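A.B. asks: The primary structure of each chain is shown beneath.
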Amino acid sequence: MRTAITLVVLIFAGTGGDIAVAHAMKRLGEVKSFTPGAILRFLGRALREGWMWIGIALLTLAFCSLLALLSWEAMSFVVPAMALSYVTGALGGKYLLGEKLTPLRWVGIGLVSVGVALVCLG
Amino acid sequence: MPPPQTLKTSILVAVLIVLNSAGNFFFGLGMERIGAIHGWSIAALHSAFVAVFSSGWIWLGIVSMLLFLAAFMMVLSWADFTYVLPATASMYVVVPLLSHLVLGERVTGLRWMGVALICVGVAFVARTPPSTTEKG
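Respectively, the protein sequence lines represent chains A and B.
The working numbering puts the first residue of the first sequence at 1, with every later residue one more than the last.
The working numbering puts the first residue of the second sequence at 1, with every later residue one more than the last.
Treat the hints as calculated values from the structure; they're not laboratory data.
Misleading hints may appear alongside valid ones.
Here chain A is said to cover these stretches of chain B; the calculated rule only asks that three of the stretch's residues, wherever they fall, bring their Cβ under 8 angstroms from a Cβ of chain A [to be verified]:
(1) 13 to 27
(2) 67 to 73
Restricting the straight-line Cα-Cα distance to at most 27 angstroms, the calculated cross-link-like pairs of lysine-lysine (DSSO-like) are [to be verified]:
(3) A:Lys94 - B:Lys8
(4) B:Lys8 - A:Lys32
(5) A:Lys32 - A:Lys100
(6) A:Lys32 - A:Lys94
(7) A:Lys100 - B:Lys8
Quick caveat: nothing in here was measured; it's all calculated off a predicted structure.
Ideal Cβ positions, reconstructed from N, Cα and C, are used throughout, including at glycine.
With the hints as extra help, turn the sequences into a complete structure.
C.D. replies: Given below as C-alpha cells:
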C-alpha cells in the first residue's frame with residue numbers, strides 16, 4: 001500500500017512540477033536571444049514567477065518520494081513504473097496547458113512510455 | 001535574426017539529452033566512489049552528506065543538472081511540454097548505446113526493443129509542430 005501511495009505521489013508531483021514550470025515559462029514568453037546576458041535576465045525573471053516556485057516545490061516532493069521509494073523497492077521496479085509519467089504528462093499538457101495533441105503525438109508518447117519501461121526492464 | 005523555431009528546439013533538446021545523460025553519469029560515478037550509505041542516524045547522515053558534497057564528480061553532476069534545468073526552462077518558453085518531454089526520453093537510448101559501443105556491455109533483446117520503440121516514438125512526436133498554443 002505504501003509503495004502504491006508513494007508511486008502515485010511521485011508521478012503526480014513530478015508531472016505537476018513539470019507542468020507548473022512549463023506554465024511559468026509560457027507566461028514569460030519565448031526566449032529569442034541566446035547571449036549570456038539575455039539568458040541570465042530570463043532566468044532572473046523566471047525566479048520571480050510564483051508558478052516556478054510551485055513547480056520547484058512539487059519537483060522537490062517528487063525527488064523525496066523517489067528516494068523514499070528506492071529505499072524499499074528495487075530500481076528495476078521504480079524506473080519502469082515512472083514511465084507512466086509520460087502519459088500523465090501528456091494528459092496534463094492537454095488539459096492544464098491547453099496543448100493540442102494530434103493522434104501522431106499520442107502514438108509517439110505511448111511508444112516512448114512502453115520503450116522506456118522495456119529499456120529499464122531489459 | 002532569431003533562429004527558426006524547429007531548429008532552435010532541436011538544438012536545445014540535443015543539449016538537454018547531453019546534459020541529463022552527463023549529470024546522471026557523474027552522479028553515478030560519484031556515488032559509486034562514495035559507496036553505500038549505511039544507517040539513518042544523525043552521525044551517519046552527516047558523514048554521508050560530507051562525503052557527497054566533497055566529491056568533485058557530484059559537483060560536476062550538480063552543475064550539469066542546473067544547466068539542464070536552465071535549458072529545459074528556455075525550451076519550454078516556446079515549445080509544448082508534450083513535445084519536449086518525449087524528446088528527452090532519447091537519453092534512454094544514449095545510455096544503452098554507449099554501454100554497448102564504448103564499454104562493450106551486452107545489451108539484452110528486450111532493451112534493444114525498448115530503444116527501437118523510443119526512437120520511433122520520438123520520430124513520431126518530432127513530426128508534429130513544436131508549439132500548438134498561443135504565446136503568453
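A.B. asks: Looking back at the numbered hints, which does the structure fail to meet, lowest number first?
C.D. replies: 1
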